[in-house]
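J.: These are the residues of each chain, in order.
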Amino acid sequence: MLKQIFKYTILSVIFIFAICSCTKDVDFDQIDDFEIFPVLESSLVHLNEPASRFYIDGYEVAVIQDSVSIDVFNNQFAIDNLIKAELVLEMTNSINRGLDVQVDFFDAANQLRHTFSVSVEPSPNNEEIVSQHTEVFEGNSLIALKQTTKLVLTLRTRSGSPINENTPGRIGLKSKGVFYLKIDNSI
Amino acid sequence: MRKAIWLFLCITGFTFSQNKQVLYGFSEIPQALMLNPGGEVKNNWYFGIPLLSHIHTSVGISGSTVYDVFADDGVDFNTKLRNAIYSMRSNDFFSANQQLEIFSGGFAYGTSYNKNKYISFGMYQEFDFITYFPKDYAILAYEGNQNNINRRFNAGHASASAEVISVLHVGYNKKVNRAFSFGVRGKIYSNILNIATTKNKGYFVTEYGENNFYNHIFNLDLELRTSGLSSLTDDDADSDAVARALKKRALFGGDLGLGFDIGFSHKLSKQWTVDGSLLDIGFISHSKDVENYKIAGSYAFEGANPIFPETGSGQTAEEYWNEIEDEFEALFNVDTTAKKYITWRPIKMNASLNYAFGEKRSEECNCLKEDVGYLNAVGVQLYAINRPKQPQMALTAYYYRRLFKGLRAKATYTIDSYSFNNVGLGLSVHIGAVNFYLMADNFIQYKNIYDAQSVSLQLGFNYIFNKNED
Numbered sequence: 001m002l003k004q005i006f007k008y009t010i011l012s013v014i015f016i017f018a019i020c021s022c023t024k025d026v027d028f029d030q031i032d033d034f035e036i037f038p039v040l041e042s043s044l045v046h047l048n049e050p051a052s053r054f055y056i057d058g059y060e061v062a063v064i065q066d067s068v069s070i071d072v073f074n075n076q077f078a079i080d081n082l083i084k085a086e087l088v089l090e091m092t093n094s095i096n097r098g099l100d101v102q103v104d105f106f107d108a109a110n111q112l113r114h115t116f117s118v119s120v121e122p123s124p125n126n127e128e129i130v131s132q133h134t135e136v137f138e139g140n141s142l143i144a145l146k147q148t149t150k151l152v153l154t155l156r157t158r159s160g161s162p163i164n165e166n167t168p169g170r171i172g173l174k175s176k177g178v179f180y181l182k183i184d185n186s187i
Numbered sequence: 001m002r003k004a005i006w007l008f009l010c011i012t013g014f015t016f017s018q019n020k021q022v023l024y025g026f027s028e029i030p031q032a033l034m035l036n037p038g039g040e041v042k043n044n045w046y047f048g049i050p051l052l053s054h055i056h057t058s059v060g061i062s063g064s065t066v067y068d069v070f071a072d073d074g075v076d077f078n079t080k081l082r083n084a085i086y087s088m089r090s091n092d093f094f095s096a097n098q099q100l101e102i103f104s105g106g107f108a109y110g111t112s113y114n115k116n117k118y119i120s121f122g123m124y125q126e127f128d129f130i131t132y133f134p135k136d137y138a139i140l141a142y143e144g145n146q147n148n149i150n151r152r153f154n155a156g157h158a159s160a161s162a163e164v165i166s167v168l169h170v171g172y173n174k175k176v177n178r179a180f181s182f183g184v185r186g187k188i189y190s191n192i193l194n195i196a197t198t199k200n201k202g203y204f205v206t207e208y209g210e211n212n213f214y215n216h217i218f219n220l221d222l223e224l225r226t227s228g229l230s231s232l233t234d235d236d237a238d239s240d241a242v243a244r245a246l247k248k249r250a251l252f253g254g255d256l257g258l259g260f261d262i263g264f265s266h267k268l269s270k271q272w273t274v275d276g277s278l279l280d281i282g283f284i285s286h287s288k289d290v291e292n293y294k295i296a297g298s299y300a301f302e303g304a305n306p307i308f309p310e311t312g313s314g315q316t317a318e319e320y321w322n323e324i325e326d327e328f329e330a331l332f333n334v335d336t337t338a339k340k341y342i343t344w345r346p347i348k349m350n351a352s353l354n355y356a357f358g359e360k361r362s363e364e365c366n367c368l369k370e371d372v373g374y375l376n377a378v379g380v381q382l383y384a385i386n387r388p389k390q391p392q393m394a395l396t397a398y399y400y401r402r403l404f405k406g407l408r409a410k411a412t413y414t415i416d417s418y419s420f421n422n423v424g425l426g427l428s429v430h431i432g433a434v435n436f437y438l439m440a441d442n443f444i445q446y447k448n449i450y451d452a453q454s455v456s457l458q459l460g461f462n463y464i465f466n467k468n469e470d
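Going down the list, the protein sequences come from chains A and B.
Heads up: the first sequence begins at 1 in the UniProt record's numbering, then just goes up one per residue.
Heads up: the second sequence begins at 1 in the UniProt record's numbering, then just goes up one per residue.
No more than 30 Å apart at the CA atoms, straight line, and that leaves these computed lysine-lysine pairs for DSSO-like:
#1 B:LYS80 - A:LYS182
#2 B:LYS117 - B:LYS42
#3 B:LYS340 - B:LYS247
#4 B:LYS115 - B:LYS405
#5 B:LYS294 - B:LYS199
#6 B:LYS80 - A:LYS84
#7 B:LYS201 - A:LYS182
#8 B:LYS247 - B:LYS339
#9 B:LYS405 - B:LYS117
Read the hints as simulated data drawn from the structure, not as lab findings.
Here chain A stands alone, though its shape is the one from the complex (with noise of 0.2 Å):
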């Protein structure tokens, strides 16, 4: 009985160390090196509109505003790991005025904190006219974009002949954000 004990620890014994494993360095703490670098972009603020759009009620109308509330630069997610981000504006013209296009940008105290215009030229024979820019958001100025909480649209026609609701063409407005973030192991 003594003599089987023995010879099956002895086996036991062989098999346990046949089982326990070896490991080749592995190292955890790299998980703190983890950073992705995700690009989003997002379709903003888009209009396509006729000419007779800027006569209303009988008046040519120079100047169309709208303000939009906006929580999504300034939110705890963006202020962490927005680290570049661009606002990309294409206009298309075919009324024979030029139009300006102004983005203002207000914090929380109403106070302006960015603003950038876009601007494209008058089409005298309606044949359409692209204008493109790109606002580029890094240090100061993407600052600014996470105290952000109020956008400012401003539409102007420049001075020229006048509109009313037979004059020909239209004015189109597409808009993307690109915004560069960097995720990283502290969030």
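With chain A fixed as given, assemble chain B onto it according to the hints.
T.: Structure of chain B alone, referenced to chain A:
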């Protein structure tokens, strides 16, 4: 909390295998009867040492291993991560399975000269987890959508389930004649915890738009079902209350289910045997502590038209903005319901063809010993398990050998979802009435455990009174 669970399920991509290819057909070990209730029974009666009679754990990962990502090899971690993300497929998975027998026993009965019936019974606890690699979610998180215009990100890539149950079972085995035996085992399942998100559908795609640069289309039908979770995560559930609740459920005070196993074994000739089994044909009905989360809806977003929003509809700018906000809120709003549901247990199938050879000769008289059978056996075994996305299969070739009177060994070679070089080894030691068994697989991969695609281990102690023992 909900978000954290959701995120966890999305990020992890894991499951454990349940194949016990070394134990299957190892008829000296009473627990082999759990893999085929109709298998050969070699003992008169036995009982398992409580809590130690069967301890099983296994972990498996298909695709990249821990070593692929965390090797201390000077390669930038993010490069290794990137390689892992791009090399894995949405059908790659991580799985884990663990079983602990609480108690078990069995006895033969029948006429005194022919005890051809056998009852076995017991209770065990099981944990099972599988998660698939959510490839499209990972790519979207890793790259963003900029380089993936027109790519449909499949929301169905999120698929995972986890369950903890306890099982009470009674099995009946009958040796009909010298050649044929069959068996059946009834099971009562008691749910301790169930979390599953396996039927997700839908997609997210960014297309070039008509009115704006892009049209973003969300089409989502996602659901996470939980049973037994919400009462544990209640704010007023302290650790004592949680412990009490878990104990109650483990002892069949929670949601219950029913199931059965069937199996047979048939001697084709003196040396050839074929056998097979179907395990865990059953379900659990979840109704007592159910909380399901659902996100469903579709929305296409081309951006906002802020300056002339009232076009054609007479609505004000503010109403227009609110509408966009409402659409997004409706899309991502998580509906919480307590609708009861049924989960099916993962059905497992085993089959094998065996050939025994090498009769034992007596040392004293150089004659054949009566009724001791063969010393060696070889065979092939097939295993399959039904999983949320597709069945997983394994094919095993084995060699079995009786080494001494009280020592049996079995070596296996298995091809499965994880690898093509899985070598397993098992020993069953019988000293007097005490039985100890230990088996493990993937020996080749133990050279570097972190590089292993799967590992499993079973061990246990029994007290066995054998038929042929004096």
